[in-house]
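*Asks:* Residue numbers (the working numbering), protein chains in the order written: chain A, 103 to 531; chain F, 103 to 531; chain V, 103 to 531; chain B, 103 to 531.
Hint data in this document are derived by calculation from the structure and do not stem from the laboratory. Do not take every clue at face value.
One copy or any two copies: either way a pair holds, since identical chains are not told apart in the list.
DSSO-like mimics (lysine-lysine), calculated; alpha carbons at most 30 Å apart, straight line [claimed, not checked]: (1) K345 with K515; (2) K174 with K463; (3) K148 with K244; (4) K148 with K306; (5) K244 with K463; (6) K174 with K147; (7) K515 with K350; (8) K306 with K515; (9) K306 with K345; (10) K215 with K463; (11) K244 with K515; (12) K378 with K237.
Protein chains: 4
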Amino acid sequence: MTEHIIDPSIIEADNAAREADLRVDYDSLGERLDRRGIAIDAIKKKVAQFSVAVPSWGVGTGGTRFARFPGKGEPRDIFDKIEDCAVIAQLTQATKTVSLHIPWDKADPNRLKQAASRFNLGFDAMNSNTFSDAKGQLQSYKFGSLSASDAATRNQAIEHNLECIEIGKTIGSKALTVWIGDGSNFPGQVNFATQFEHYLDAMKSIYAALPDDWRVYTEHKMYEPAFYSTVVQDWGTNYLIAKELGEKAYCLVDLGHHAPNVNIEMIVSRLAQFGKLGGFHFNDSKYGDDDLDAGSIDPFRLFLVFNELVDAESRDADFHPAHMLDQSHNVTDPIESLMLSAADVQRAYAQALLVDREALKAAQEGNDALAATLELRRAFRTDVEPILAQARLDQGGAIDPLAVYRAAGYRAKVAEIRPEVAAGSSGIV
Amino acid sequence: MTEHIIDPSIIEADNAAREADLRVDYDSLGERLDRRGIAIDAIKKKVAQFSVAVPSWGVGTGGTRFARFPGKGEPRDIFDKIEDCAVIAQLTQATKTVSLHIPWDKADPNRLKQAASRFNLGFDAMNSNTFSDAKGQLQSYKFGSLSASDAATRNQAIEHNLECIEIGKTIGSKALTVWIGDGSNFPGQVNFATQFEHYLDAMKSIYAALPDDWRVYTEHKMYEPAFYSTVVQDWGTNYLIAKELGEKAYCLVDLGHHAPNVNIEMIVSRLAQFGKLGGFHFNDSKYGDDDLDAGSIDPFRLFLVFNELVDAESRDADFHPAHMLDQSHNVTDPIESLMLSAADVQRAYAQALLVDREALKAAQEGNDALAATLELRRAFRTDVEPILAQARLDQGGAIDPLAVYRAAGYRAKVAEIRPEVAAGSSGIV
Amino acid sequence: MTEHIIDPSIIEADNAAREADLRVDYDSLGERLDRRGIAIDAIKKKVAQFSVAVPSWGVGTGGTRFARFPGKGEPRDIFDKIEDCAVIAQLTQATKTVSLHIPWDKADPNRLKQAASRFNLGFDAMNSNTFSDAKGQLQSYKFGSLSASDAATRNQAIEHNLECIEIGKTIGSKALTVWIGDGSNFPGQVNFATQFEHYLDAMKSIYAALPDDWRVYTEHKMYEPAFYSTVVQDWGTNYLIAKELGEKAYCLVDLGHHAPNVNIEMIVSRLAQFGKLGGFHFNDSKYGDDDLDAGSIDPFRLFLVFNELVDAESRDADFHPAHMLDQSHNVTDPIESLMLSAADVQRAYAQALLVDREALKAAQEGNDALAATLELRRAFRTDVEPILAQARLDQGGAIDPLAVYRAAGYRAKVAEIRPEVAAGSSGIV
Amino acid sequence: MTEHIIDPSIIEADNAAREADLRVDYDSLGERLDRRGIAIDAIKKKVAQFSVAVPSWGVGTGGTRFARFPGKGEPRDIFDKIEDCAVIAQLTQATKTVSLHIPWDKADPNRLKQAASRFNLGFDAMNSNTFSDAKGQLQSYKFGSLSASDAATRNQAIEHNLECIEIGKTIGSKALTVWIGDGSNFPGQVNFATQFEHYLDAMKSIYAALPDDWRVYTEHKMYEPAFYSTVVQDWGTNYLIAKELGEKAYCLVDLGHHAPNVNIEMIVSRLAQFGKLGGFHFNDSKYGDDDLDAGSIDPFRLFLVFNELVDAESRDADFHPAHMLDQSHNVTDPIESLMLSAADVQRAYAQALLVDREALKAAQEGNDALAATLELRRAFRTDVEPILAQARLDQGGAIDPLAVYRAAGYRAKVAEIRPEVAAGSSGIV
């Protein structure tokens, strides 16, 4: 039986106070959607089935190179983190898996498995880390990891990824996500072609160790931590990698990893069309890889991404990209942000489901640009909160997860157990 | 025998006044290069062999959607344009071919061939135009051409490209460049996947008509004239196209067609490494597709592109991308800008040839980032003007093309023949 | 009595078919807002009072430097344009004024006044044009206008602005908007300080002629048509200008005239705080000055701008910026786009009015970042379409302006009178 | 007498091996400049007088939020840092002052003064730090410092700045530089106007404590560490601040703190023209605030900035902005990078001095855009290394500082004394 961290009676009490209004709003929305030929319950069902993974590192307070300002009750280790993730899952019913980062989350795999199964949580993709040096590591990644000029360094990075696969096998993960920071800070520091050859060779060794029912996701990013060039800098290079590796290799799209002004939803479409869209790291950004909360800066863009996903689903029944949040919570309680972001990702999905694809297609074929875009706008403007809330309620979650979370006093409680962490002046500027 | 538009005696007189200083500077530079183990004459020889094509449309004054301010003596037709190109070739000895744009340059192909051969000019790639409507055209390209939802429109665009190939066969061109403005201005206006399928199907029809010894270059561009999405938006999509079409298909890189901050030299490297770099449209830009003179805004970037080209040459003896200028001259005499830009492209090539690739490789392998970047900087900082000037002089060109051009009074002379063109308020805002 | 171009019976018939549903939706929304302590009728009243000006040039099909693809029934002159604007005003009841562009709209001022008053339309700001050369103009603006190095050119540009003021006085305008394209295409082409001195001197001459009850709006833009530097490049320079000129001088913000990633709503706040926010040119953009329909690309950003305006209103009762649409309609019927954009601007205003400013302030003061942003999100997510529709209905407009416009067949009717315009290959690339 | 850390005999030996070639190159360059009417010795004199400050924190290895990879022999404290700075000064003779960061460099002011005077080093501007929390600090800067909503936090930040002024008085500094990270990560998190009022009030308190012969420099930055809004986001806001504060307040320009594509040299011109340009933080960037070595990515931009400075000097004899390097050295030996960057800043200055300002002005006034830009290009293309080297040699520095530094084995020596620092996985993602 699933353990509950938040006392269900708190949820029930809060829900009870909100349920009547929700019923009115759900019915009213249902009637409006009915006029548009949409059955609200069918949308709710799809929303309820949708889950987005929570990254273990997301429940700790994030920071920048300038400073980190920890909150109260910071998780001490992966087991604390799993408990925080369980709270998110319990209240939102939208985050059924956790994604681990090795070596940060390294622990006895069987213990990891047990800790998660207490809360009926599964494990999403494994994340390797060769962008920083772990204690005791023989070779430094200062000048690169999988693409380093030094063979011993590359081999160490390969071995680390193989270890991630091994841990993942035990805990029931089915995918490995590889993001590296390799690149260069000066024109001429690396030879682009040689560096990419090193990378491809190393990835082939990792790919060779991938179980048959696994996928490997490679993730591109324009810049940071490398500031002149990055080896997997964009979806073009990412696509080349997935093609070179084979059919278990897919591209992962982080919404904050692109050049300014780039049309991300179009990249989503291209990768889906050519069978190489593996999944997402959801977050939002205004400037660079800001890792802000999903949908907090440009909610229409998030909707347009989901519009492509629903379109791709309609073309390919076997289309099932992986969804994960990947955010840095610097000024909010991470649990609060993750709960709301999970809902915002669901929201974009629900809105995309409202698009009348036949009407859209007719407008597109008739070059009626205005009617086409109005079809999208109408879906986006629909306030689907009642659908999300009802889906949560149906599954035992909270109509208003934030209100329940605050009422339950979870953060204050863990702060009594978990020791205060000193604010960090990283000293890196 | 090659006809000369500028009286050779004017060139000789100007050269005579500059030759002694040039000799001193060339020798002094030769001595400094000799210390670095570089033979100046070998560099000069390579520079002399380098040629960049001039686009026929480049010799007319350009403009923006706000206005066009023509200069004096604007060319009236392709035959005037060929004469202007001949002046550039004569003075710089760096632009041995002209690139035509159909239907703008449509004329009896045999007459075109004769007009060019008078000046010993060849023809570079043919450029089709389906981004604007020609008079009398049945279908409009308002909603797209090769990727339009309407089949008749797509077929018309295919036919136009086939016609370009036919003209090109007669005049001795060996390539077709396809740039289209197709895209959309509103989210939802087009279905990205459907639109791209239309595009690929259309391009396959064109590819099928390509002679065996031809290449087709497809050109990507982030935006403009479409402002929400563009069908061939970046090198990733461009690469997909070249792979889908076949071995005669290559990607063309215009330096101004990328997102802000993008590392263009890295794209050059990737395309070269995967055998799909077809060539360049050289220009410079600060904001978008500004089409400013090559090297006028960021000369170091132009050098870094050539650094990749010289690196690619060293890996593949058969590597021979096409080079063309593609600029919009809004406030200068186009002939002057094109002469200087041709020299600036040669300059970047010459500087890239100065890089000690063995020393660079050693620094890269040793992770000596500073030594590696210094090797590039040293090459870039070298003032190679004496090499360029000597190469021009050796071939009958001008030591100082601008001075000779102004002294010869060419613009004033053609302004007597060619009627004044009224300034245009395009009325398009 | 106001003349009506669209037969009111068509509006009535369409409204009749929609009114019952609107009533249900308005009441349902009213109930939900009531729970949040908001009176829906008070919001509706403010929306009904809100008007955005339509630019005369906006009713013609726009284009790019590559091409213009005119639609059917293009307006032939300012009198056709006024009729098109009257249709927009009639159906939306949201656009009570028209903004003229001289010399494009030059005509007998009294005739202009009569033409507009037929439809009860007023005139918004006058717009001068020194970014293109008018026929017969003595000096060319190729190298600048108000900031040109040549004094005769500057004087001509000043005279043109004085003429705009004179016309405006007759027709009842109360403001002059000055946007110029002056800048440079090459480093060194102009001396920044000298050019700005010329500009300030010229503007002072114009300012001196401004009637006491007028305002002058200067408009900044990052780039285009100048591609290396622009004399009024950003709000910093624009603010300097307004300070130098005096208390009748204000800054105008066009949403598409900023650098990538810039936080525009913050600029709005700064200018409002320092008393120099004059007004807006509304449109949307993804890349540069794309001039797409307001709210079509990033509706949340438009909302955030209005959030600042409502905040500024609450600080300063005398705050009354000018609102104008400024869009280029390249692939839609301009009347349709302008009707929808007027509604989308109203929508953002209505949503901003829903923000609970006391709750927002409390969250801000308590550093509860999540509660603060949720307050904005909740307002933005509210589908206020019933409020907009009811406001239109109350004033004699259409519940669904687009449906009525299409049903009325206006475009087909004027296409019978107004001759077809040939598609333009601008020939400017 | 000035102490020397690097044994002068090592410098002399290396110089001796290079002096003959330098003599040839200096004379040859002198002859070429002489033809252009330029006296090489006058340029050398100005270069020799030019100094750029070294930031104390620059001599430690930098990092990103992902990781920091320390080098060998990292300085342990400010006294080690001063020694590293002394090496840079000794070899380059171009960095006569050090800039301190409090509390990082906090120590007995008299000891600081003595430590620096041993090497004849002075102190440049004091830098306060309210972007991270120091140990034992009562109020956290998590939600802002000088602009925080909490008054006690603002007061603490003010007090810290007053302390910086006090320390600076003792050690002979004459300026305070204030950069803060205050801003917000979510729309609505702060009220822009209120936040700016708090900031201005706090800065007024600091300004009031500024000695009469001091300057205060405020520094703008577009984003990071705040990712939705930043209180001092651009030069427009920075100018407002300097005007509000008074005549001792000036704007500081960091080259990496602007929006993509922004014309920085124009901002330099505007601030200089309006008397508010205080100085620079030199570095280079490709994406954001990358803090790469000055001139390493876009050397022409650095030149264009100095072109404005030389122009401003010619207008205002009293113009004397402060120059400081501000870079993050993640993959190089910081001392090596700083030595080369100091030279690259001098290089840009030397090249800007070569511009024939009369010829430039004539071309500008005649609208000869090409001649104007050629005048700048000619200056930029001139390889002025012999001038820099000779200026170093004349003052007792090294012709080739990098070669001497490596030959002297300084890093290895200090690595014996200074303990190894563990690589940091910041754990902040």
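*Asks:* Now look at each hint and say whether the structure bears it out.
*Replies:* Hint by hint, here is what the structure shows:
1. K345 with K515: Cα proximity of K345 and K515: none, with 49 Å in one copy and 49 Å across.
2. K174 with K463: Answer is between; shortest inter-copy Cα gap is 24 Å, intra-copy 51 Å.
3. K148 with K244: neither (45 Å within a copy, 39 Å between copies)
4. K148 with K306: neither (37 Å within a copy, 39 Å between copies)
5. K244 with K463: Classified as between; 18 Å across copies, 51 Å inside a copy.
6. K174 with K147: Intra 37 Å, inter 46 Å, cutoff 30 Å: neither.
7. K515 with K350: Answer is neither; intra-copy 44 Å and inter-copy 51 Å both fail.
8. K306 with K515: So K306 and K515 fail the 30 Å test inside a copy (47 Å) and across (42 Å) alike.
9. K306 with K345: The answer is both: 11 Å in one copy and 22 Å across copies each meet 30 Å.
10. K215 with K463: For K215 and K463, the Cα distance exceeds 30 Å both inside one copy (46 Å) and across copies (45 Å).
11. K244 with K515: Between copies only: 22 Å across, 40 Å inside.
12. K378 with K237: neither (35 Å within a copy, 43 Å between copies)
Consistency note: the structure conflicts with the earlier hints numbered 1, 3, 4, 6, 7, 8, 10, 12.
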